[in-house]
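Novice: Now for the letters of each chain:
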Amino acid sequence: SQQGEEDPQALSIQEGENATMNCSYKTSINNLQWYRQNSGRGLVHLILIRSNEREKHSGRLRVTLDTSKKSSSLLITASRAADTASYFCATPDRGSTLGRLYFGRGTQLTVWP
Amino acid sequence: GAVVSQHPSRVICKSGTSVKIECRSLDFQATTMFWYRQFPKQSLMLMATSNEGSKATYEQGVEKDKFLINHASLTLSTLTVTSAHPEDSSFYICSARDPRHLPGYTFGSGTRLTVV
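Sequences listed follow chains A and B, in order.
Under the numbering used here, the first residue of the first sequence is numbered 241, with each subsequent residue one higher.
Under the numbering used here, the first residue of the second sequence is numbered 4, with each subsequent residue one higher.
Heads up, a few of these hints could be off.
Here are the simulated lysine-lysine pairs, DSS-like style, with alpha carbons at most 30 Å apart [unchecked claim]:
id, chain 1, residue 1, chain 2, residue 2
1, B, K67, B, K17
2, A, K296, B, K44
3, B, K69, B, K23
4, B, K69, B, K17
5, A, K266, A, K309
6, B, K17, A, K266
7, B, K44, B, K67
8, A, K310, B, K44
9, A, K296, A, K310
10, B, K67, B, K23
11, A, K296, A, K309
12, B, K17, B, K58
13, B, K44, A, K266
14, B, K44, A, K309
15, B, K23, B, K58
16, B, K58, B, K69
17, A, K266, B, K58
18, A, K266, A, K296
Which chain A residues face chain B? A few, computed with CB under 7 Å, are given here [to be verified]:
id, residue
19, Q273
20, G282
21, L283
22, H285
23, L288
24, R290
25, G335
26, L338
27, R340
28, L341
29, F343
30, R345
31, G346
If you are wondering where the hints come from, they were derived from the structure by calculation, not from laboratory data.
For every residue, glycine included, the Cβ atom is placed at its ideal position computed from N, Cα and C.
Work the whole structure out from these sequences, hints included.
Specialist: The structure is reproduced here in structure tokens:
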């Protein structure tokens, strides 16, 4: 079963603008991860935020986590056309030792030059 | 960093035939690998967890006899789609668990399966 649900499902912006994507999840977590997927390709890990962290930065990426609301957001600042991709949040299955990772629906981001 | 190689990247097969997809961890040993299926413009759906030397753990609703998983070594897991039908056409992605480093998951580049 999917853990995270993203919104919006699709986002279209101009280069230079900021892009914000949101993710909600259902159960308690140890961490939440964000991934990027270019069309027809595998996933690339972007950033991980632990359950005891509220905000984390990596370059132009800023991730927040609100465990009380079971939600996270990914902000991409000063977007570029190369940021065009699908973005997914994912949470590891805390209830087993298998280490399964469950993904949200994803946000398709299009950045126009 | 950790590298996972998935092969083939694209495959077209006829209905009724079987197709094998390989997932290899190139520079680390992966006792656990995962297989996902992705439909166009949708999320990744976890199909099964592959454990070296033991039977795979399938997610609810995934047919074990349809999607055979073998994890015979610490660096190789295979997914075989048996008696493929057009509805099996999809994008399949593997992931290997590397607990040495966070986040601990490295993904293959995916396989586009088309059944005609």
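Novice: All hints are to be evaluated individually against the structure, with a verdict given for each.
Specialist: Okay, the hints, checked on the actual structure:
Of the supplied pair hints, the one linking K67(B) and K17(B) holds, its CA atoms being roughly 21 Å apart against a limit of 30 Å. Restraint check for K296(A) and K44(B): the C-alpha separation of about 28 Å stays at or below 30 Å, so the hint holds. For the proposed pair K69(B) and K23(B), the alpha carbon gap of about 12 Å is at most 30 Å, so the pair holds. For the hint linking K69(B) to K17(B), the alpha-carbon distance of about 15 Å falls within 30 Å, and the restraint holds.
This hinted pair checks out: K266(A) and K309(A) have alpha carbons roughly 10 Å apart, not beyond 30 Å. With a C-alpha separation of about 40 Å, the suggested pair K17(B) and K266(A) falls outside the 30 Å cut-off, and the hint is violated. Annotation: proposed proximity of K44(B) to K67(B) holds, straight-line Cα distance about 25 Å (limit 30 Å). For the suggested pair K310(A) and K44(B), the alpha carbons sit about 24 Å apart, so the restraint of at most 30 Å is met.
Taking the CA atoms of K296(A) and K310(A), the gap is about 16 Å. The hint holds against a cut of 30 Å. With a C-alpha separation of about 15 Å, the suggested pair K67(B) and K23(B) falls inside the 30 Å cut-off, and the hint holds. A C-alpha spacing of about 17 Å is found between K296(A) and K309(A), which places the hinted pair at or below 30 Å, so the restraint holds. Taking the CA atoms of K17(B) and K58(B), the gap is about 28 Å. The hint holds against a cut of 30 Å.
Between the alpha carbons of K44(B) and K266(A) the distance comes to roughly 22 Å, so the proposed pair stays at or under 30 Å and holds. This hinted pair checks out: K44(B) and K309(A) have alpha carbons roughly 27 Å apart, not beyond 30 Å. With a CA separation close to 17 Å, the supplied pair K23(B) and K58(B) stays within the 30 Å bound. Restraint check for K58(B) and K69(B): the C-alpha separation of about 15 Å stays at or below 30 Å, so the hint holds.
Proposed proximity of K266(A) and K58(B) is supported: the alpha carbons are some 28 Å apart, at most 30 Å. A distance of roughly 21 Å separates the Cα atoms of K266(A) and K296(A); the hinted pair therefore holds under the 30 Å criterion. Checking Q273(A) against chain B by beta carbon gives a least distance of about 5 Å; that is within 7 Å, so the hint holds. At about 4 Å, the closest approach between the beta carbon of G282(A) and any beta carbon in chain B falls short of 7 Å, and the interface hint on this residue holds.
A hinted interface residue such as L283(A) counts as satisfied when its beta carbon comes closer than 7 Å to some beta carbon of chain B; here the least separation is about 4 Å, so the hint holds. Look at H285(A): its Cβ gets to within about 5 Å of chain B, closer than 7 Å, so that hint holds up. Contact between L288(A) and chain B, as hinted, is supported at the beta carbon level, the nearest pair being about 5 Å apart and thus within 7 Å. The interface hint given for R290(A) is violated, since its Cβ lies 9 Å from the closest Cβ of chain B, which is over the 7 Å cut-off.
Among the interface hints, the one on G335(A) is violated; its C-beta lies about 13 Å from the nearest C-beta in chain B, farther than the 7 Å criterion. A least Cβ separation of about 5 Å between L338(A) and chain B falls short of the 7 Å threshold, and the interface hint therefore holds. Interface restraint check for R340(A): the shortest CB-CB distance to chain B comes to about 6 Å, inside 7 Å, so the restraint holds. Here the hint on L341(A) is kept, as its CB sits about 6 Å from the closest CB of chain B, short of 7 Å.
This hint holds: F343(A) has a C-beta 5 Å from the nearest C-beta of chain B, less than the 7 Å allowed. Given the 7 Å rule on beta carbons, the hint for R345(A) holds: about 5 Å separates it from the nearest Cβ of chain B. The interface hint given for G346(A) holds, since its Cβ lies 5 Å from the closest Cβ of chain B, which is under the 7 Å cut-off.
Checked against the numbered hints above, the structure breaks hints 6, 24, 25 and satisfies the rest.
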